[in-house]
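Participant: Listed below, chain by chain, are the residues.
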Amino acid sequence: MVLMKQGDNEYPGIKIGLEIHCQLTGLQSKLFCSCFCNYHGLEPNGNICPICCGLPGTLPLLNKTAVESACMVSLALDCKIPDNITFYRKNYFYPDLPKNFQLTQYNAYGITSIGVGGSLKYGEKTSRIRRIQLEEDPGRLVYESGGIDFSSSYTLIDYNRAGISLVEIVTEPDFTDPKDVRVFLNKITSIIEHLGVCNTKRQGSVRCDANISIQGGKRVEIKNVGSFKEVEKALNYEIARQKTMSMHDIKVLAETRDWDDARKVTKQSRAKEEEQDYRYFPEPDIPTILLGEEYVSSIRKKMPELPYERKNRFIAYYELSDHISQVLIDNKELADFFESAVKIYSSPKEIANWIVTELLRYTDDDITEAKIDSSSIPNQSSSLFAGLKIDPNQIAELAILIDRNTINRNTAKIILTQIIKTGEMPSQVLARTDVLKIEDKIIISEAVESVFKAEKSAIRDAKNNPNVANFLLGKVMKLTKGRADPKITLNLIKTKLDGLD
Amino acid sequence: MSKLYKLSAKEVNTGIRSGEFTAEEYIIQILERIDKVNPKVNAVICIDRNGALEKARLVDRKIREDEKIGPLAGIAIGIKDNICTSGLKTTCASKMLEEYVPPYDATVVRRLKDDDAIIIGKLNLDEFAMGSSTEFSSFGPTSNPWNTDYVAGGSSGGSAASVAASECSVSLGSDTGGSIRCPASFCSVVGLKPTYGLVSRFGLIPYANSLEQIGPIGKTVSDVVMIMKTIAGADDNDQTVQVTYRTPDYTFSSNEKMRIGLVRELTEGAEPEISKRIYSAMDLFTNLDCKCEEISMNYVDYALASYYTIAMAEASSNLSRYDNIRYGFNFTPDGYEWNAYFAKVRSNFGDEVKRRIIVGTYVLSSAYYGKYYLKAQKIRTMLKQELRSLFKKYDILIAPTMPILPFKFGEKIDDPIKMFMIDIDTVIANLAGVPAITVPAGFSNDLPIGLQIMASEFQEQKLFNAALLFESNTNINRSPEL
Chain H
1 MVLMKQGDNE
11 YPGIKIGLEI
21 HCQLTGLQSK
31 LFCSCFCNYH
41 GLEPNGNICP
51 ICCGLPGTLP
61 LLNKTAVESA
71 CMVSLALDCK
81 IPDNITFYRK
91 NYFYPDLPKN
101 FQLTQYNAYG
111 ITSIGVGGSL
121 KYGEKTSRIR
131 RIQLEEDPGR
141 LVYESGGIDF
151 SSSYTLIDYN
161 RAGISLVEIV
171 TEPDFTDPKD
181 VRVFLNKITS
191 IIEHLGVCNT
201 KRQGSVRCDA
211 NISIQGGKRV
221 EIKNVGSFKE
231 VEKALNYEIA
241 RQKTMSMHDI
251 KVLAETRDWD
261 DARKVTKQSR
271 AKEEEQDYRY
281 FPEPDIPTIL
291 LGEEYVSSIR
301 KKMPELPYER
311 KNRFIAYYEL
321 SDHISQVLID
331 NKELADFFES
341 AVKIYSSPKE
351 IANWIVTELL
361 RYTDDDITEA
371 KIDSSSIPNQ
381 SSSLFAGLKI
391 DPNQIAELAI
401 LIDRNTINRN
411 TAKIILTQII
421 KTGEMPSQVL
431 ARTDVLKIED
441 KIIISEAVES
451 VFKAEKSAIR
461 DAKNNPNVAN
471 FLLGKVMKLT
481 KGRADPKITL
491 NLIKTKLDGL
501 D
Chain Y
502 MSKLYKLSAK
512 EVNTGIRSGE
522 FTAEEYIIQI
532 LERIDKVNPK
542 VNAVICIDRN
552 GALEKARLVD
562 RKIREDEKIG
572 PLAGIAIGIK
582 DNICTSGLKT
592 TCASKMLEEY
602 VPPYDATVVR
612 RLKDDDAIII
622 GKLNLDEFAM
632 GSSTEFSSFG
642 PTSNPWNTDY
652 VAGGSSGGSA
662 ASVAASECSV
672 SLGSDTGGSI
682 RCPASFCSVV
692 GLKPTYGLVS
702 RFGLIPYANS
712 LEQIGPIGKT
722 VSDVVMIMKT
732 IAGADDNDQT
742 VQVTYRTPDY
752 TFSSNEKMRI
762 GLVRELTEGA
772 EPEISKRIYS
782 AMDLFTNLDC
792 KCEEISMNYV
802 DYALASYYTI
812 AMAEASSNLS
822 RYDNIRYGFN
832 FTPDGYEWNA
842 YFAKVRSNFG
852 DEVKRRIIVG
862 TYVLSSAYYG
872 KYYLKAQKIR
882 TMLKQELRSL
892 FKKYDILIAP
902 TMPILPFKFG
912 EKIDDPIKMF
922 MIDIDTVIAN
932 LAGVPAITVP
942 AGFSNDLPIG
952 LQIMASEFQE
962 QKLFNAALLF
972 ESNTNINRSP
982 EL
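Taken in sequence, the protein lines are chains H and Y. Using the numbering used here, the first residue of the first sequence is number 1, and each one after it goes up by one. Using the numbering used here, the first residue of the second sequence is number 502, and each one after it goes up by one.
Honestly, the hints are just simulated from the structure, not real lab data. A quick note: this is a predicted structure, and the numbers were derived from the prediction, not measured. Please note that a few of the clues may not be correct.
Calculated pairs, DSSO-like style, for lysine-lysine (alpha carbon to alpha carbon, straight line, at most 30 angstroms) [claimed, not checked]:
hint, chain 1, residue 1, chain 2, residue 2
1, Y, K855, H, K80
2, Y, K885, H, K90
3, H, K90, Y, K963
4, H, K90, Y, K855
5, H, K264, H, K243
6, H, K80, Y, K879
7, Y, K507, H, K90
8, H, K90, H, K179
9, Y, K511, H, K90
10, Y, K876, H, K90
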């Protein structure tokens, strides 16, 4: 692990660009056939047909809903949608590619991709989106040893993933700081989650390649990065590496490097160094798809609320602060959680505060990152609240108890630490333990009575010393383990002191 | 019993329906005929005896029990071996696919079966439909039934020769740059290349997707029309088929006075005997009250180069899937790194296929894409526009199907350019996507000559009207002695 000090990245001329791949997990079927979109948990090669296996004579049948989803992503990222789009063949040989070409989009001979020329603001900065394209995922190679080990004596191929729809988002090299990349990727994640086109928590559903250069050096591509969070680490490492080379007058060459997740370093990719010629040409089997203004506006109408729209609504409707709203919408799961709780009990500010300032402390940030580690268990969606037994009902009840003065905030915090572990309702915890506030005057009077008996000398000073009442209150609270309602108790004490005259 | 195998598809269908003979009797005769003549012509490369007999008995039973039967009931049809047949080997006459059994039927095959046609087997072709003589087949060449020293034409040589040799009543071929019309012309039968987007290509193993169509070959125009009624029309498995033509319903009305253009460049460019026939065809049409004129086409000279550039580009990509990983032939990957394995197994392609993959790869490379592929596409667009404006003035255009007569084996096989040149008259229809039909127009030195008729997109009806008019006013032999 390379530890970077703050400011280390402020090197002149850092340019970072991203290629983000999102599987359109919201679809029912693959991009060009009717096989399932969700292949997780299925037997290897149990989700294939003649089309996605590229059997001779089969033809791609474009999934129109995939075009809609890709169009939504493009609109959300402020891209222009061309009046018609086409598909191109990207020709290269690889065993995971059933046809030995990939169906994708290509803009070198005129615009054919679903989106071009967009942008996304993150904080005060903006990154331009060069293009968004729709394409098919290849199959998956499974090596004898489990990992990418080229010494394996055999390799298995699982085509379940072959033909899954991917949206590729290509940015301009506008980033200068890996931290910004992280923020940007979180933003993208929230957007595609809100659109409902990609469940970023599903394993392997989002991947990101990065390219980076520093002043005077050539562009280096970083591939094989397992998660969005790792991108930042890989970039930090790569900046340090390129800087060091530059300082020693070693030229940074154009190359592709793989991120080694275990050792946290980039290393030269085994892929061939020469520029590969993909011999792009238009796919004759998919007729040109006409989109046009009418289509685009119909998609616009269908689009779910976007994060920034949701934020504005949170501010206007729930009267939340800008900051709280931002934190909530940055993660769709959090925002959804909030709104579910508010539906149960309408106390938005209280609930939002509990979620943002308290609940978030218990979530593991790493879990929000989707991993592509092929060895882990498939079909395991990693939720933001993974490991926590929390649901909106519990937070809503917590807010109810606070609003009714049944418990104070400190008590509520204690309850929260318990319910996230047990999954109980706050009221269940209260009933079981001693934390409930004592409001019953008879019970409190009994406590006051016994304190008065024990503290006779203090009571004698009461007439001359106004602090005695508070001293006695402290004693009562101690006796009741802090459960007595302080207001009621103090009133009782004062009345009793007055009565002594 | 009379020679049932010699009957046209229509006659077979009528005979079986009326109870004159049974489908089984007819199929037995067809199978005997294949056994007798196929060693001479080598048109059929895989015979489905059991499947054919079984289907024949089913048709007979349906007729006996007065069940509903399909419009093609009992007709023996052969399928070019680049069209997928479920459970029946489909090899493309390539060593690359010598063990390949498709798990599904091509749409056209399924429709034929649904209409109660009887598939008798698979027919020879140039490997992956690349060739104009059926000499490039891993099963050996197909001979011309009119003279077995001569080629049958290609690439659908088996489809044309099998019909001419009466090994089946009708057949399916595929036409990328003339592959139906060339052999149909060489064998004196009728062959149609439909409009691009009229017949589903699902299940046609592609050579050049943007150019090719499946089409029928028969002894008569009406046999070809009969098959078209079954195979044409929208298909959920092929998005390039135009949905507006779901159920074509061709009728015959040869009364209208057609405006006919004879393409001068193509007719004059043919061998003298051939161009003479085409001019006399024009005279015949004139005598039948059609309005005939000679016309000129500007882009004919560039058509061939454009065609081969596009076809080879697409082919190089289409054929890259043959890596023997998922299907193909028996060859263990044991001990090979995958790149080495791909290289090893792909050497199994024949020379002509290799040549086209290499050229296609070259014209698509980023350095030459603009110089070749893009230019070829531009010419294609110009040619389309030229034809479009011509079809505003003329209902049909006529020309020779082939510029030369059938040639002897080996005459052109060593000179690829010479072989490519003979496609000059046919590639135009593929580049423009328009329909074209060839009908027998006579013989020279006992070798067949074909008349080619072209019409505007989806104007098959006009083609059929003209072809039928010509056919019914000529009497040209379609059944050689074998």
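Participant: So, for every hint listed, does it hold in this structure?
Facilitator: Here's how the hints hold up against the structure:
With a CA separation close to 42 angstroms, the supplied pair K855 (chain Y) and K80 (chain H) exceeds the 30 angstroms bound. About 27 angstroms separates the Cα atoms of K885 (chain Y) and K90 (chain H), which keeps this hinted pair within 30 angstroms; it holds. As the CA atoms of K90 (chain H) and K963 (chain Y) are separated by approximately 40 angstroms, the hinted pair breaks the 30 angstroms bound. Straight-line distance between C-alpha atoms of K90 (chain H) and K855 (chain Y) comes to about 20 angstroms, which keeps the hinted pair within the 30 angstroms bound.
Between the alpha carbons of K264 (chain H) and K243 (chain H) the distance comes to roughly 17 angstroms, so the proposed pair stays at or under 30 angstroms and holds. Between K80 (chain H) and K879 (chain Y), the direct Cα distance comes to roughly 27 angstroms. Compliance with the 30 angstroms bound is thereby established for this hinted pair. Restraint check for K507 (chain Y) and K90 (chain H): the C-alpha separation of about 50 angstroms exceeds 30 angstroms, so the hint is violated. Between the alpha carbons of K90 (chain H) and K179 (chain H) the distance comes to roughly 33 angstroms, so the proposed pair goes past 30 angstroms and is violated.
A threshold of 30 angstroms between alpha carbons decides the hint, and for K511 (chain Y) with K90 (chain H) the separation of about 47 angstroms lies outside it, so the pair is violated. A hinted pair counts as satisfied when its Cα atoms are at most 30 angstroms apart, and K876 (chain Y) with K90 (chain H) qualifies at roughly 20 angstroms.
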